[in-house]
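Given the structure of chain Z, go ahead and fit chain A onto it with the hints provided.
Taken in sequence, the protein lines are chains Z and A.
Positions 8 to 86 (the working numbering) are the ones given, in order, by the first sequence.
Positions 541 to 916 (the working numbering) are the ones given, in order, by the second sequence.
Incorrect hints may appear among the rest.
As the list claims (entries may be wrong) - List time: in silico DSSO-like cross-link candidates among lysine-lysine, alpha-carbon distance up to 27 Å:
hint, chain 1, residue 1, chain 2, residue 2
1, A, K625, Z, K28
2, Z, K33, A, K669
3, Z, K28, Z, K59
4, Z, K74, Z, K59
5, A, K625, A, K669
6, A, K627, A, K703
Please keep in mind that the hints were generated in silico from the structure rather than gathered at the bench.
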Amino acid sequence: MTMNYKCILVKSVTYAQKAKKLLAEKGISVFISKQNIGPEYSCAWCVRVPEKSVGDALSVMEKNGVKRKGDAIFDDIPR
Amino acid sequence: MIYLDNAASSFPKPQSVVSRAVTFLRENGANPGRSGHFLSAQASEAVFEVRDLAASFFSADPESVVFTKNATEGLNCAIAGLSEKGKTCVISDIEHNSVIRPVMRLKQRGETSVFVLKTGENMFSELEKKLSAGRISFVAMSHASNVTGEILPLEEVYSLCQKSGIPLINDASQTAGFLEYEPGDILCMPGHKGLYGPQGTGLMIFRNRELLPRIRPLLAGGTGTDSADLFPPEILPESFEAGTLNTPGICGLGEGISFVKRKAAVFRPRETRLRDFLLNGLLAMPGIEVYSSSGNSVPVLSFNVAGFSSEAVTEVLSLRGICVRGGLHCAPFCHEKLGTLSRKGAVRVSLGAFNKQEECEIFLREIKRIAPKKEK
Numbered sequence: 008m009t010m011n012y013k014c015i016l017v018k019s020v021t022y023a024q025k026a027k028k029l030l031a032e033k034g035i036s037v038f039i040s041k042q043n044i045g046p047e048y049s050c051a052w053c054v055r056v057p058e059k060s061v062g063d064a065l066s067v068m069e070k071n072g073v074k075r076k077g078d079a080i081f082d083d084i085p086r
Numbered sequence: 541m542i543y544l545d546n547a548a549s550s551f552p553k554p555q556s557v558v559s560r561a562v563t564f565l566r567e568n569g570a571n572p573g574r575s576g577h578f579l580s581a582q583a584s585e586a587v588f589e590v591r592d593l594a595a596s597f598f599s600a601d602p603e604s605v606v607f608t609k610n611a612t613e614g615l616n617c618a619i620a621g622l623s624e625k626g627k628t629c630v631i632s633d634i635e636h637n638s639v640i641r642p643v644m645r646l647k648q649r650g651e652t653s654v655f656v657l658k659t660g661e662n663m664f665s666e667l668e669k670k671l672s673a674g675r676i677s678f679v680a681m682s683h684a685s686n687v688t689g690e691i692l693p694l695e696e697v698y699s700l701c702q703k704s705g706i707p708l709i710n711d712a713s714q715t716a717g718f719l720e721y722e723p724g725d726i727l728c729m730p731g732h733k734g735l736y737g738p739q740g741t742g743l744m745i746f747r748n749r750e751l752l753p754r755i756r757p758l759l760a761g762g763t764g765t766d767s768a769d770l771f772p773p774e775i776l777p778e779s780f781e782a783g784t785l786n787t788p789g790i791c792g793l794g795e796g797i798s799f800v801k802r803k804a805a806v807f808r809p810r811e812t813r814l815r816d817f818l819l820n821g822l823l824a825m826p827g828i829e830v831y832s833s834s835g836n837s838v839p840v841l842s843f844n845v846a847g848f849s850s851e852a853v854t855e856v857l858s859l860r861g862i863c864v865r866g867g868l869h870c871a872p873f874c875h876e877k878l879g880t881l882s883r884k885g886a887v888r889v890s891l892g893a894f895n896k897q898e899e900c901e902i903f904l905r906e907i908k909r910i911a912p913k914k915e916k
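Excised from the complex, chain A in its bound form:
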């Protein structure tokens, strides 16, 4: 089996991640932050250790780190909170539906207007114009495309936002754990992609705590504190974590972050090398249309094979033991931009820490078997 779908969820997970999650399930299992007994206290400490680790990894205070179940939860919370009636929010034309759908739902309810910023050459001048025109509630942007892998210049975007006093929500789904720095006032990310944690984990990090009064938690419920109060406490992070946490997942996520800290210097350059290898291999093949370019990118690339739908290609590859993703990748704007909406998407290959050169060679060989021998 060759797994090349790490942009959807990284696999396999490091053994340390599996062991830690299993150890918690086997040896603890108490509810953190609820009871006073020693087992619950140990669970609380385990959760705090991961919070503290994530905080130092993303340059934040531990209490600013909120555990979510995925990036989507954090994005929904941040977008709903920062949205203002009568104002416009700015998103980019490479966004995932985890950003598009929350803003479009608010638009449908008449609670916001939406401006879709075209990425590329004129992006900064367009954004500057939009921000200086006023009545912008926030900017929400992916740090990298989950289709092409292109990294957006989010540091520059953030700098423009800061000049105008507009908050930036960074959807770091494809970059968290890959890039050294994540700019933005609120960072939202999954735990199960580039951070190598279990599925069902995610982080929402409040870099700018002044925004906190504007953001309402999606859920209200038990937090283990102030139980006589009928209203939820307004305190980070507990007010955003009502209900029992995914403690085994969080424990695993901690090991995932540690794995990235220890090993990223080795496997990230390899991922980039392998992406370039795949890209060059695909570009050299007749009948292949590639939608990614070399350069500033996460280890993701997309292409189509002439005469085949993307899903047909992924199905053939799956029968040969290769896991990649076809279709629209929940990113309709991006496919519209690439001209692949009418072709029902593209084949996406995404690399992870455990991929090897031989796997990429097999992948290219299999694509060559599918592809037409001559350009039509």
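Only chain Z is shown next, with the shape it has when bound in the complex:
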């Protein structure tokens, strides 16, 4: 069974790295990638989280001041 991922955009590569570290500490496996989703999100950093962990991930990120880029959560970029 393939795992579905969601993409949470954050404001910088530093926030992406911070999120990665914090989420790894909580046992949520993530990876980060650079995305260009559209003009309003040009050159953005994406924290890719398993769909089932999105709620937990958002809560951890918010509690630790990880700044998101907008409120939208995107489906993982098809690859």
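Here is chain A on its own, set in the frame of chain Z:
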């Protein structure tokens, strides 16, 4: 060779610092935070690890840690940002030119007034009076003198500043890595002194992020994010790090901080012991005027030899393989206070993690050879 100029830049560097910087150059070399490929991602991760390490070392959030090229860059940025027209900034009489020159340049442009606080006995009452009189934009102060080594009571200064709601910029150039705690709203420091990183590295740490809207980055340019936006993003730390980072240097700095974390408990007391040894040795010699005292100090001390300029002494020592620094040490106020401006400065000795007792013994022997045999 005996290196006693660690206050200018620590040397040698720990092997781990050299290896890490070289390994990055040899095995990675990609631009962190720019591209999406794996090598750039690894570089980003390497930079973040050092940011995170520095954050935990200086009790801050990782995103509050800005990589600069030295302490001067951070100080210029913080001073320019917090300065306000029609207000006065407070600096001390032991400051380095990295604080003096940015405030004096602003003064010259009519953008601030400057009050130079006399350190010593009446320092707190003077500062309190100045702060309560109002119209102070900020206080910028070294945590320790780069000439005498004296540590200033910055925690108390910070407490007074906090009571008055005035931000404190801490120039931690001589204390970062030596003292356990660095007080202040913004900390500026080099990476290449007490943190044992490579030259070309420094940190500016925003402890108080409420000050952020007042501080403009010195440079605008690419940050790897929001590329369609024609204006720089206002986000820590990237907005203060436009352009490509000194990633090999930052990697080395991370190892330097780790080295301090692992070993400081061993080498810092030794540095203090060696400073006391040098101080007592110099005080016992005729014809030597010492400007430092024992007690609360970083491992730095200054002196002069009767009948010689400081540069003449350093030149003789250099010919004998000993590296120390003469002159004014970029600290004209401090030399004015010591009465050494007219003597063109002093000889400064500064110790580091790798100095040994035998080196200090050789140093004292060489000074004895230069010094007059009897007090004139």
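Hints, one by one, checked against the model:
Using a Cα cut-off of 27 Å, the hinted pair K625/A and K28/Z is violated, with the two alpha carbons roughly 43 Å apart. Between K33/Z and K669/A the alpha-carbon distance is near 50 Å, which puts this suggested pair outside the 27 Å criterion. For the given pair, K28/Z sits about 19 Å from K59/Z by alpha-carbon distance, which is consistent with the 27 Å threshold. Our distance criterion of 27 Å between C-alpha atoms is met by K74/Z and K59/Z, whose separation comes to about 21 Å.
Restraint check: the Cα-Cα separation between K625/A and K669/A comes to about 21 Å, which is no more than 27 Å; the hinted pair holds. A distance of roughly 18 Å separates the Cα atoms of K627/A and K703/A; the hinted pair therefore holds under the 27 Å criterion.
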